[in-house]
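Q: Residue numbers (numbering that gives the first Met the number 0), protein chains in the order written: chain A, 0 to 213; chain B, 0 to 284.
It should be emphasised that the hints constitute simulated quantities derived from the structure, not laboratory data. For each residue, glycine too, the CB sits at the ideal point set by N, CA and C. Some hints could be false.
Simulated crosslink set (EDC-like; lysine to aspartate or glutamate; CA at most 20 Å straight-line) [said to hold, decoys possible]: (1) B/LYS57 to A/ASP178; (2) A/LYS154 to B/ASP105; (3) B/LYS53 to A/ASP82; (4) B/LYS227 to A/ASP178.
Examples of chain B residues toward chain A, derived with CB under 8 Å [said to hold, decoys possible]: (5) LYS57; (6) ARG74; (7) PHE204.
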Amino acid sequence: MAEYIIRITPALLAGLDTTLSVFFLTLVLSIPLGILVALGRLSNIRPLVEILKFYIWVMRGTPLLLQIVVIFFGLPIIGITFDRFPAAILAFVLNYAAYFGEIFRGGIDSIDKGQYDAAKVLGFTPAKTYQRIILPQMIKIVLPSVANEVITLVKDTSLVYVVGLGELLRAGKIASNRDASLVPLIMAGVFYLALTGILTVVFQKLEKRYAYYQ
Amino acid sequence: MRRNIKSLILVILILALGVASLAGCSNQSSDQASNQTSQTSNQEPAEVEDSFEKIKEKGQVIMGLDDTFAPMGFRDENNEIVGFDVDLAKEVFKRNNLELILQPIDWTMKEAELNSGNIDMIWNGYTITAERMEKVAFSKPYLKNRQIIITLADSDINSKADLEGKKVAAQAGSTAVDAMYTEPDIVAAFDGGEPILFDTNNEAFMDLEAGRSDAVVADEILARYYIKQRGPEKYKILDEDFGEEEYGIGFRKQDKKLLEMVDNTLDEMRKDGTFDSIYNKWFAD
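Chain A on its own, in the form it takes in the complex (with noise of 0.2 Å):
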């Protein structure tokens, strides 16, 4: 069983590097992007406000699965053509940033509009306010339904496989196809939650750190 393990583990380590890899490119341009998402829906230019709504709708309206298939298969019908690795980034960063803006703006939302007076009062301008005093509040807020969302990042990455790229789910399930054994599927598991553990301990940290009221 130990040496299966062993032999095995290769592969699944092989399946983990894709996995990594979409989780971390999707969380490192999908946060900014959904800052400015939610920015863009706060502020007073109604065409854009109207659009982003739009856009929210659609990405949280309809599965992420469908949505890479979309990009992979039907954006080239109109002489768009991705290749697999970033269609499926496009398709995760672009939901993910409507999640993501949904969240910030009602973190900037529950800010209590006197700081703003008090702000201007002081001379920040609207620039330096969002930067030096709405933001960081906002950050301590939406921490938690952050971590949230980027623990469902873990596991929605198996979803890349429609493209066919092969992640640690799918690496799993090679295996377990060729071995007549469900041992690879358990080890798959353990590897998600080995992933959500560190992250889960990473975003307690953070917390911590941003509890500087109590």
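Please arrange chain B on chain A, whose structure you already have, making use of the hints.
A: Relative to chain A, chain B alone:
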């Protein structure tokens, strides 16, 4: 209300503009790309063009396969893609001086992958059916297959008639399901009036072994592989089956030259014994 409609129209206009400009950009770049690869810069759509010349020029041909599909095409413990179909394909394209690229795909998207040009062929235990023939061009059949009925060794099921009132499992979307429904009376007599469908054959076998299902219907080629993996003494294969079928290689309908080349080379390999030696490597007991 009025304002809502106005802004909705505005949004749609802006979106349409965005998509149009995006499409324009990428059209330009793909035109440039095709100018570089081939001298002919005509605007003929890819659908009607035989892509054989392009393939020969690149020296590469891309084969799409589900890399979970043992023993036809799957990954071994070193993460290399191997299998009966893979060995056949490697030999065919080696003889034609083409480099073979193995592209894993999701099996449910196989025809979309083929027709969008991501892959040049589907070669992975691909059963020839009338529905599929409408979408793809098939090679000559290269392997025969039966839909066999498997039970546990101590089962009292010995014929198709004995399946009455029993739970019968199969892989969802597989030709095993189609084969069963060619005899609807037998299916109607199953416990529940329909087969129990699983994502993979492996899961169907696990269900059989757990005692929840009484029989599994599956491709003989695949089933024999699983039986070998899980221990032949545990299973019984019935003499009766749900009919024969054949595996073929799927190409784009317009790719007649590639199809012909593969058919001819496979014929050659059958004559000189290479086909049999590959067959024996994977299927000999």
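Q: If a hint holds in the structure, say so; if it doesn't, say that too.
A: Verification of the hints:
With a CA separation close to 37 Å, the supplied pair B/LYS57 and A/ASP178 exceeds the 20 Å bound. For the given pair, A/LYS154 sits about 18 Å from B/ASP105 by alpha-carbon distance, which is consistent with the 20 Å threshold. At roughly 19 Å between alpha-carbon atoms, B/LYS53 and A/ASP82 fall within 20 Å of each other, so this suggested pair holds. A C-alpha spacing of about 10 Å is found between B/LYS227 and A/ASP178, which places the hinted pair at or below 20 Å, so the restraint holds.
Checking B/LYS57 against chain A by beta carbon gives a least distance of about 16 Å; that is not within 8 Å, so the hint is violated. For B/ARG74, the shortest C-beta to C-beta distance to chain A is roughly 5 Å, which falls under 8 Å, so the interface hint holds. Interface restraint check: B/PHE204 against chain A, minimum CB-CB distance 7 Å, threshold 8 Å, status holds.
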